[in-house]
Amino acid sequence: MKKIIERLYLILILIFMYAPIVTLIVLSFNSSKSRARWGGFTLKWYTRLFSDTAVASALFNTLSIAILATIFSTIIGTITCIAMVGLSPKLRSLIMGVTNIPMINADIVTGISLMLLFRFLHIGSGFATILLAHITFNIPFVMLSVMPRIKSMNFYVYEAALDLGATPVVAFVKTILPDLVPGIVSGALMAFTMSLDDFIITYFTKGSGFETLSTLIYNEVKRGIQPEIYALSAIIFIVVLALLLIIYRAPNTKTKEK
Amino acid sequence: MKLFKNNKTAPLLASPYIAWALIFILVPLAMVIYYGVTNASGSFTFDNIAMITEPGYLKALGRSVLLAFISTLVCFILAYPLGMILSSMKLARNTYLVTLFILPMWMNFLLRTLTWMTLLEGKGVINTVLEFMHLPPIHIINTSGAIVLGMVYNFLPFMILPIYNSLSRIDDNIINAARDLGADSLQTFLRITLPLSVPGIISGITMVFIPALTTFAISTMLGGSKILLIGNIIEQQFTQVYDWHLGSGLSIVLMIFILINMIIERLADTEGGVLG
Amino acid sequence: MGKDLITLEHISKSYDGHVVLDDLNLSIYENSFVTLLGPSGCGKTTTLRIIGGFEKPDQGKVIFDGKDITDMAPNKRQLNTVFQKYALFTHMNIAENIAFGLKIKNKPDSYIKDKIKYALKLVNLDGYEKRMPDSLSGGQQQRIAIARAIVNEPKVLLLDEPLGALDLKLRQDMQYELKRLKEELGITFIYVTHDQEEALTMSDHIVVMNQGYIQQEGSPEKIYNEPENAFVADFIGDSNIIRSTMIRDELVEILGARFACVDKGFGENKPVDVVIRPEDIVLVPPEEGTLEGVVTGLTFKGVHYEMDVEAGGFEWLVHSTRLSEVGTRVGIKVDPFDIQIMNVPLSEDEEAISETV
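Going line by line, the protein sequences match chains A, B and C.
If you're matching positions, the first sequence starts at 1 in the working numbering and goes up one per residue.
If you're matching positions, the second sequence starts at 259 in the working numbering and goes up one per residue.
If you're matching positions, the third sequence starts at 535 in the working numbering and goes up one per residue.
The hints are simulated quantities; they were obtained by calculation from the structure and are not laboratory data.
Fair warning: there could be bad hints in the mix.
[Unchecked claim] PhoX-like, lysine-lysine: derived pairs with alpha carbons at most 25 Å apart:
#1 C/Lys619 to C/Lys601
#2 C/Lys590 to C/Lys703
#3 B/Lys266 to A/Lys90
#4 A/Lys222 to B/Lys381
#5 C/Lys641 to C/Lys664
#6 B/Lys381 to B/Lys266
#7 C/Lys835 to C/Lys798
#8 A/Lys44 to B/Lys484
#9 C/Lys867 to C/Lys798
#10 C/Lys601 to C/Lys689
#11 A/Lys151 to C/Lys619
#12 C/Lys689 to C/Lys655
#13 C/Lys703 to C/Lys689
#14 C/Lys610 to A/Lys3
#15 C/Lys619 to C/Lys716
#16 B/Lys381 to A/Lys33
#17 C/Lys641 to C/Lys610
#18 C/Lys619 to C/Lys595
#19 A/Lys2 to C/Lys610
#20 B/Lys266 to A/Lys174
#21 C/Lys655 to C/Lys713
#22 A/Lys222 to B/Lys484
#23 C/Lys595 to C/Lys649
#24 A/Lys2 to C/Lys619
#25 A/Lys151 to B/Lys484
#26 A/Lys3 to C/Lys798
#27 A/Lys33 to A/Lys90
#28 C/Lys590 to C/Lys713
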């Protein structure tokens with residue numbers, strides 16, 4: 001009995017979460033522009049979406065910003081985490097405190113604060129400002145997932161490598177870096193998804209005329225929803241689903257190989 | 259630890275980020291505060307912050323706090339039993355199951371909100387279905403209810419994940435020990451499980467309450483132009499009215515609310531630890 | 535020995551088709567210190583958890599003080615458990631941890647206060663009331679876990695590898711402490727461990743388990759001196775286990791040499807397993823020994839020398855206080871009383887047991 005109620009509860013929540021998404025996917029194949037009437041199956045919204053240059057350039061902007069922001073934030077975040085080992089506890093907690101600010105603060109405040117900075121410095125809004133903003137809010141996510149690894153690190157292995165004649169750089173690459181990799185990878189993944197999903201900070205730092213997917217959708221929505229957006233949603237959902245399946249399968253196959 | 263032989267190496271490695279954090283975190287924040295406490299001619303004033311007492315702004319703030327509170331509560335009520343069910347399941351299966359519950363989180367935030375626009379519209383999907391079943395239509399779009407629904411839908415995964423994590427970290431033997439010492443299931447839940455999951459509850463609350471309190475996209479999309487939240491007011495100051503001073507002043511108010519929220523949670527955390 | 539307090543009748547349990555316990559029968563006397571001993575996966579912890587009520591057996595009954603408690607919830611049972619890794623409530627201080635069971639039973643505050651004081655004194659941790667569990671060492675946490683259990687005045691205390699996480703010195707101290715506690719409290723202890731030395735030191739009664747079966751039970755002396763099969767012999771202490779032939783009663787042929795022994799009733803010319811403890815082997819000049827061999831290894835162990843002796847195609851393990859250098863030719867002599875004869879395993883289950891040894 002208890003089991004049945006538990007199952008039922010899980011299913012109800014899943015319906016709440018997925019029914020809207022399924023509805024969107026269904027509507028993306030609806031040839032009628034009205035959401036109230038089924039006008040037959042069509043792929044025209046998809047073809048229209050693919051021929052839409054605004055969507056294509058927004059997609060390109062989103063992906064290139066996300067990729068670059070991930071690379072930069074992962075490098076800076078990881079190096080800082082490693083450096084933390086050699087810093088005084090006071091400086092360390094100060095750095096962590098400042099790093100926490102963008103995580104705790106409301107995105108809208110982070111967004112406007114960066115906008116004020118860019119205006120003050122007369123940096124033209126667009127690709128560069130969004131990239132700088134994204135690197136800023138991504139670094140904390142990287143540090144948050146690398147730091148625990150650093151804290152539980154066994155530095156004797158590094159000393160052992162030195163003892164066995166390795167140079168500090170070789171010893172670092174062979175002993176410490178491999179231990180950090182899982183933290184770095186999950187931090188990078190986190191940064192990438194945060195970057196893709198961000199709307200608010202991008203919205204305030206983008207300036208006019210430059211769009212990412214999020215800001216493009218927001219503008220479209222204000223003008224009235226076009227069915228192409230449904231097609232876009234369906235594609236994004238499928239891509240996310242596929243990516244997750246790949247990520248979850250990957251570690252499994254690795255352990256099996258061993 | 260002897261990772262760095264030279265004691266200047268570590269500060270040198272940390273310096274790029276220290277500079278970055280200074281320029282892109284601390285200076286911008288200082289600018290918000292500067293704009294917030296000055297007027298257009300550059301002289302010091304508290305007027306921008308005091309503007310929050312204007313009835314229109316105060317109402318927006320009150321509404322934001324109320325809606326964020328309701329949304330957080332609903333998320334908690336939905337997520338806690340879910341976290342308990344998920345954490346009680348056998349390990350091999352539940353990683354997939356947990357992923358299923360947080361998967362919508364990876365879909366674009368605006369698209370997630372957009373789905374509810376489509377569903378709730380006057381001639382949207384839900385009303386079409388209701389009409390088909392000869393039921394009266396619901397008029398929920400452009401109401402506070404729709405905003406709450408949008409918040410719950412968007413932020414529920416942020417509540418599920420930390421609660422699930424903190425519950426699944428509780429050692430089975432801790433629960434067994436409580437049972438062994440004579441506690442029944444309810445006593446075990448109230449005295450052991452619930453207090454031990456407080457950290458997860460708190461981070462869940464933070465992760466739902468703050469974005470809900472400060473959102474402007476959800477209210478724009480689901481609340482129409484009539485229902486303004488404090489986020490909408492601030493957004494308008496920067497994108498339409500161009501009164502950066504007032505916008506910054508109201509942002510300071512918002513930050514004060516975030517700070518208060520954090521202090522309350524800190525207190526709840528330590529008290530949860532002591533009270534048990 | 536007193537009367538039976540707990541009886542397990544025909545207990546079977548399996549997980550996902552893997553049999554953990556198979557038709558287990560066990561009686562535990564009142565006021566005894568009983569140890570369930572065996573390698574990991576032998577079913578000892580499952581047995582304890584079934585007694586504690588955390589697992590339900592697939593078949594069989596648990597009788598406690600004459601009553602069937604098989605389906606009784608753990609919170610209704612008159613026994614308490616000290617868990618592996620202590621399972622202290624990390625969000626409560628020491629006093630609140632200890633008071634937990636008493637508060638549940640709505641005991642008056644003054645009673646609880648006295649009990650906490652008494653329990654902390656009993657485990658030598660007076661004044662620790664306000665400390666948090668995380669601030670204590672492993673050994674101290676262990677004592678608190680014991681204190682938390684015994685304030686409820688259980689008739690039986692179940693201990694699931696309680697010393698496993700402690701270092702050697704602390705473990706030895708705690709062994710004496712537990713023995714003392716058992717004497718002071720006058721209740722039954724059921725203790726689970728994989729450490730044979732711990733079992734021999736503390737117990738009144740040892741139950742040796744492997745692969746879901748009880749291999750042998752009895753007093754520590756009996757288990758050590760008269761192991762009933764190769765598994766027990768090998769698991770308890772060091773030993774030489776040699777497949778031999780029972781020529782007739784009181785005479786056994788080991789590696790081609792005939793030794794006098796005291797066992798009877800194994801038949802004539804029947805294969806048997808012989809157990810000889812390393813300290814029971816006497817090294818003599820070659821011509822005086824029953825079997826001749828040569829010393830191939832030597833280690834000084836403090837109280838004695840440990841030697842490997844190659845004799846009759848078998849490497850004998852010998853403990854002696856007298857040194858024989860590597861390469862010395864020696865004779866092996868064994869007192870008839872020190873030769874333990876065991877039946878060769880026959881059944882499939884027993885076969886499985888000897889394979890894992």
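Practice problem: Would you list, in rising numerical order, the hints stated earlier that this structure does not obey? | Solution: 1, 2, 6, 7, 8, 13, 18, 23, 24, 25, 26, 27, 28
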